[in-house]
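Number of protein chains: 2
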Amino acid sequence: MDLKQRILALVSDDLDDIEKALTDNLHPNLELVSRVANHILFSGGKRLRPLLMVLSARLCGYNGDYDKTFSVIFEYLHAATLLHDDLVDDASLRRGVPAAHTVFGNETAVLVGDFLLARGLSIAADTSEPRIIKIISEITENMSQGEIHQLDRKGKLDLSESEYMDIIRSKTAVLFQGACRISAILAGASPEKESHLARYGYHLGMAFQMVDDLLDYSFDSIKLGKNVGADLREGKLTLPVINALTKARADDRELMQSIIQNPGFTEKEFAWLTEKIANYGGIRYARETASNHIKNACKALASFPSSPTKDILGDIATYALERKH
Amino acid sequence: MDLKQRILALVSDDLDDIEKALTDNLHPNLELVSRVANHILFSGGKRLRPLLMVLSARLCGYNGDYDKTFSVIFEYLHAATLLHDDLVDDASLRRGVPAAHTVFGNETAVLVGDFLLARGLSIAADTSEPRIIKIISEITENMSQGEIHQLDRKGKLDLSESEYMDIIRSKTAVLFQGACRISAILAGASPEKESHLARYGYHLGMAFQMVDDLLDYSFDSIKLGKNVGADLREGKLTLPVINALTKARADDRELMQSIIQNPGFTEKEFAWLTEKIANYGGIRYARETASNHIKNACKALASFPSSPTKDILGDIATYALERKH
Numbered sequence: 001m002d003l004k005q006r007i008l009a010l011v012s013d014d015l016d017d018i019e020k021a022l023t024d025n026l027h028p029n030l031e032l033v034s035r036v037a038n039h040i041l042f043s044g045g046k047r048l049r050p051l052l053m054v055l056s057a058r059l060c061g062y063n064g065d066y067d068k069t070f071s072v073i074f075e076y077l078h079a080a081t082l083l084h085d086d087l088v089d090d091a092s093l094r095r096g097v098p099a100a101h102t103v104f105g106n107e108t109a110v111l112v113g114d115f116l117l118a119r120g121l122s123i124a125a126d127t128s129e130p131r132i133i134k135i136i137s138e139i140t141e142n143m144s145q146g147e148i149h150q151l152d153r154k155g156k157l158d159l160s161e162s163e164y165m166d167i168i169r170s171k172t173a174v175l176f177q178g179a180c181r182i183s184a185i186l187a188g189a190s191p192e193k194e195s196h197l198a199r200y201g202y203h204l205g206m207a208f209q210m211v212d213d214l215l216d217y218s219f220d221s222i223k224l225g226k227n228v229g230a231d232l233r234e235g236k237l238t239l240p241v242i243n244a245l246t247k248a249r250a251d252d253r254e255l256m257q258s259i260i261q262n263p264g265f266t267e268k269e270f271a272w273l274t275e276k277i278a279n280y281g282g283i284r285y286a287r288e289t290a291s292n293h294i295k296n297a298c299k300a301l302a303s304f305p306s307s308p309t310k311d312i313l314g315d316i317a318t319y320a321l322e323r324k325h
Numbered sequence: 001m002d003l004k005q006r007i008l009a010l011v012s013d014d015l016d017d018i019e020k021a022l023t024d025n026l027h028p029n030l031e032l033v034s035r036v037a038n039h040i041l042f043s044g045g046k047r048l049r050p051l052l053m054v055l056s057a058r059l060c061g062y063n064g065d066y067d068k069t070f071s072v073i074f075e076y077l078h079a080a081t082l083l084h085d086d087l088v089d090d091a092s093l094r095r096g097v098p099a100a101h102t103v104f105g106n107e108t109a110v111l112v113g114d115f116l117l118a119r120g121l122s123i124a125a126d127t128s129e130p131r132i133i134k135i136i137s138e139i140t141e142n143m144s145q146g147e148i149h150q151l152d153r154k155g156k157l158d159l160s161e162s163e164y165m166d167i168i169r170s171k172t173a174v175l176f177q178g179a180c181r182i183s184a185i186l187a188g189a190s191p192e193k194e195s196h197l198a199r200y201g202y203h204l205g206m207a208f209q210m211v212d213d214l215l216d217y218s219f220d221s222i223k224l225g226k227n228v229g230a231d232l233r234e235g236k237l238t239l240p241v242i243n244a245l246t247k248a249r250a251d252d253r254e255l256m257q258s259i260i261q262n263p264g265f266t267e268k269e270f271a272w273l274t275e276k277i278a279n280y281g282g283i284r285y286a287r288e289t290a291s292n293h294i295k296n297a298c299k300a301l302a303s304f305p306s307s308p309t310k311d312i313l314g315d316i317a318t319y320a321l322e323r324k325h
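Chains as they are written, first to last, in the numbering used here: chain A, 1 to 325; chain B, 1 to 325.
Just chain A, with the same shape it has in the complex (with noise of 0.2 Å):
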C-alpha cells in the first residue's frame, strides 16, 4: 500500500463524514445554486483542507460534534476561490471535467463562488466565537489580495522569489493555516498548541503550493502529455524558473526570457526550457525549498504526544511533498 492509499484508509471515515457535511450544510435556495457548487465540490477534490483542520482538533483533544460542520468552511472557501480563478485564468478543465464558467457561463459562476464565500463565513459566525471569525474573514482577504497580486503581476519577468513566496502564502497557505489553527480555538487548547498548528499548517501550505507549481515542470507529466506549461502560458511565473532566471547565463536568460513572454510556445520550446530550468538548478531550489518547509511542518508537530493522529498528519506532510499529481 503506498503512502497515499494508506492516508485514505485511516482517515476513510472522516472523509465520508466530511462528504455528508459538505452537501447537508450548502443551504442552496435554488435549484441553480445546487448545480453549480455541486459541479465545482464533487469532481474529484482531495478534502485537504477540511480534513486538516479534522485531524488537529483532534490532536488537540476535541471530541465535540462541531468539526466536521465547521471543516466545510475550508473546502468551501477553496470552492470559490476555484470558481474565481478558473474564469480569471480561462481555464477549460478543472479536475478533468469542463471548468464551471464554461458549463454554466462566467456569470453564474462568479455569484455561485460568492454564494459559497458567504456560506463559509456564515457557518464561522454560527459559532459566535469572534476570533474564530475574525480569523476566517481575514483568511478571505487574504486570498483575494494573493490572487490580485498574483493577476497584476501575471507575465512580469522581474516577479522576485519574495514576491512569489508572499502570494503563495496569500492565495495558499494561510487557508492551510487558518483549518489547523482554528481547530485548536474550537478544542479549546492553549495558545502554544494553537501556534504550533498554525506553523504546522503555514508550511504544509506552502510546500504544498510549490509542489504543485513544480508538477508543471515536471517530466512525468511532459510524458502524460497534460496541460504541460499551463502556469507559464497563462504568464505565471514559479519557483522554478525565477530561481532558475536568476543563475542563468545572460545568452541562455535571453532566450528562456522570450519563450516565457511567448504564451504560444511550442511544446519543444518548452522541453527546453524546462531542460535550462533544471540544468540551472530551479527545479532542484525549489524542491529543496519545500522540503524545508515539510520539515518545518513535521518540527511544528513535535511537542504534541505520540498519536495515530500525530502521524497521519505527519505522513499528510510527508505525502504532499512525494505526490505526483
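No lab work stands behind these hints, which were simulated from the structure alone.
Note that the Cβ used here is the ideal one computed from N, Cα and C, for glycine as well.
Certain hints may be false.
Said to hold, decoys possible - Computed cross-link-like contacts, DMTMM-like style, restricted to lysine to aspartate or glutamate with a CA-CA straight-line distance of at most 25 Å:
(1) B/K154 to A/E31
(2) B/K236 to A/D126
(3) A/K134 to B/D126
(4) A/K156 to B/E31
(5) B/K134 to A/E129
(6) A/K134 to B/D65
(7) B/K134 to A/E163
(8) B/K156 to B/E267
(9) B/K247 to B/D166
(10) A/K20 to B/E138
(11) A/K295 to A/E163
(12) A/K134 to B/E267
(13) B/K46 to B/E254
(14) B/K134 to A/E288
(15) B/K156 to A/E138
(16) B/K134 to A/D2
(17) A/K236 to B/E31
(18) A/K236 to A/E192
(19) B/K134 to A/E31
(20) A/K236 to A/D158
(21) B/K20 to A/E138
(22) B/K154 to A/D90
(23) B/K236 to B/D152
(24) B/K276 to B/D212
(25) A/K134 to B/E129
(26) A/K134 to B/D24
(27) A/K46 to A/D2
(28) A/K154 to B/D14
(29) A/K154 to B/D166
(30) B/K134 to A/E138
(31) A/K134 to B/D212
To be verified - Short derived list, chain B residues pointing at chain A, Cβ under 8 Å:
(32) L32
(33) S34
(34) A91
(35) L121
(36) S122
(37) S128
(38) P130
(39) D158
(40) L214
Since the structure of chain A is provided, determine the placement of chain B on it from the hints.
Quick look at chain B alone, frame taken from chain A:
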C-alpha cells in the same frame, strides 16, 4: 431648496465622515486593489446604505464612535455586488463612467469584488458581536442568491410578481434592512426598536428597487435618451411589465412579448411597449406598490419620539419614491 438638497444639507457632516471612513477602512495591500476599489467606491455613490445605518443608530440614541467605521460595511458589500453585477450584465457604464470590468478587466473586477466582500465581513468580525456578524453573513448569502435567481430567470416571460418580489428582496432590501436593523443592535436598543428599524429598512429597500426599476420606463429617461430599456435588453422583467403582461389583451400581450424577447428592439418598439405598459396600468401599479412600501416604512418609525433624525429618515423615504434618477 428641494427635498434632496434639504436632506443633503442636514447630513453633510455625516457624509463627510462616511467618505473618510470608506478610505480609512479599506486597508488594501496592493496599489491595484486600491485603484479598482476607489474606482467603484468614489464614482458618485449616494452612500445611502451607510447613511441609513448612521441615522438609525442615532435614532436609537447611539453616541459611540464606531458607527461610521461600521457603516462602511454596507457600502463595501454594495460596491462588491456592483462590481460583480456589472460584469454579469456586461454593463458598459456605471453612474456615467466606464464600468470597472471594462477598465481593469473582468478578472480584476471579480477579485476586487471578493476583497470588498471580505473587508466588509472583517469589519463586522471586529465588533465581536456574533449576532451582527451572523446578520452580515446572511445578508451576503441572500444577495448572491438574489442575483443568481435574477440571472437564472433572465429573459423568462413567465416571471411572476412574487418571484420578482423575492428577487428584489434578496438583492436589495435585505441590505437596507440589515443596515437599519444592525444599528439598533450596535446601539444596544430594545428588540422592539430593532424590529421597527428592520421593517423601515426592508420597506424602504423594496420601494427603492421598484423605483429604480420604474426609471427604466419613465418618459423622462426616454426624453433624456439615456440607456432606455436597459433592464429589458438584459432580459430583466420588472414589476411594470410583469403587471401589464397579466392584464394585456392576448394580441397585445403577444406583441409585447415578441419585443421583450428580442434584445435588439428599436427605440420605437420600446416606446410602443412603454405606452402599452402604461395603458395597461403597469406603471401605476408599480408606483402604487412602491408607495405602499414607503407608507409602511414611515409607519415603522411611528413609535420613535419626534426628532430631527426621525424627520430625516422620513424624508429619505419620501425622496426614495420621488427621485427621478
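Here is what the structure says about each hint:
no., hint, in the structure
1, B/K154 to A/E31, "15 Å, holds"
2, B/K236 to A/D126, "35 Å, violated"
3, A/K134 to B/D126, "7 Å, holds"
4, A/K156 to B/E31, "16 Å, holds"
5, B/K134 to A/E129, "11 Å, holds"
6, A/K134 to B/D65, "21 Å, holds"
7, B/K134 to A/E163, "35 Å, violated"
8, B/K156 to B/E267, "21 Å, holds"
9, B/K247 to B/D166, "21 Å, holds"
10, A/K20 to B/E138, "22 Å, holds"
11, A/K295 to A/E163, "22 Å, holds"
12, A/K134 to B/E267, "51 Å, violated"
13, B/K46 to B/E254, "39 Å, violated"
14, B/K134 to A/E288, "44 Å, violated"
15, B/K156 to A/E138, "39 Å, violated"
16, B/K134 to A/D2, "44 Å, violated"
17, A/K236 to B/E31, "20 Å, holds"
18, A/K236 to A/E192, "37 Å, violated"
19, B/K134 to A/E31, "24 Å, holds"
20, A/K236 to A/D158, "12 Å, holds"
21, B/K20 to A/E138, "22 Å, holds"
22, B/K154 to A/D90, "24 Å, holds"
23, B/K236 to B/D152, "10 Å, holds"
24, B/K276 to B/D212, "20 Å, holds"
25, A/K134 to B/E129, "11 Å, holds"
26, A/K134 to B/D24, "19 Å, holds"
27, A/K46 to A/D2, "16 Å, holds"
28, A/K154 to B/D14, "41 Å, violated"
29, A/K154 to B/D166, "41 Å, violated"
30, B/K134 to A/E138, "16 Å, holds"
31, A/K134 to B/D212, "35 Å, violated"
32, L32, "5 Å, holds"
33, S34, "11 Å, violated"
34, A91, "12 Å, violated"
35, L121, "4 Å, holds"
36, S122, "4 Å, holds"
37, S128, "4 Å, holds"
38, P130, "4 Å, holds"
39, D158, "16 Å, violated"
40, L214, "25 Å, violated"
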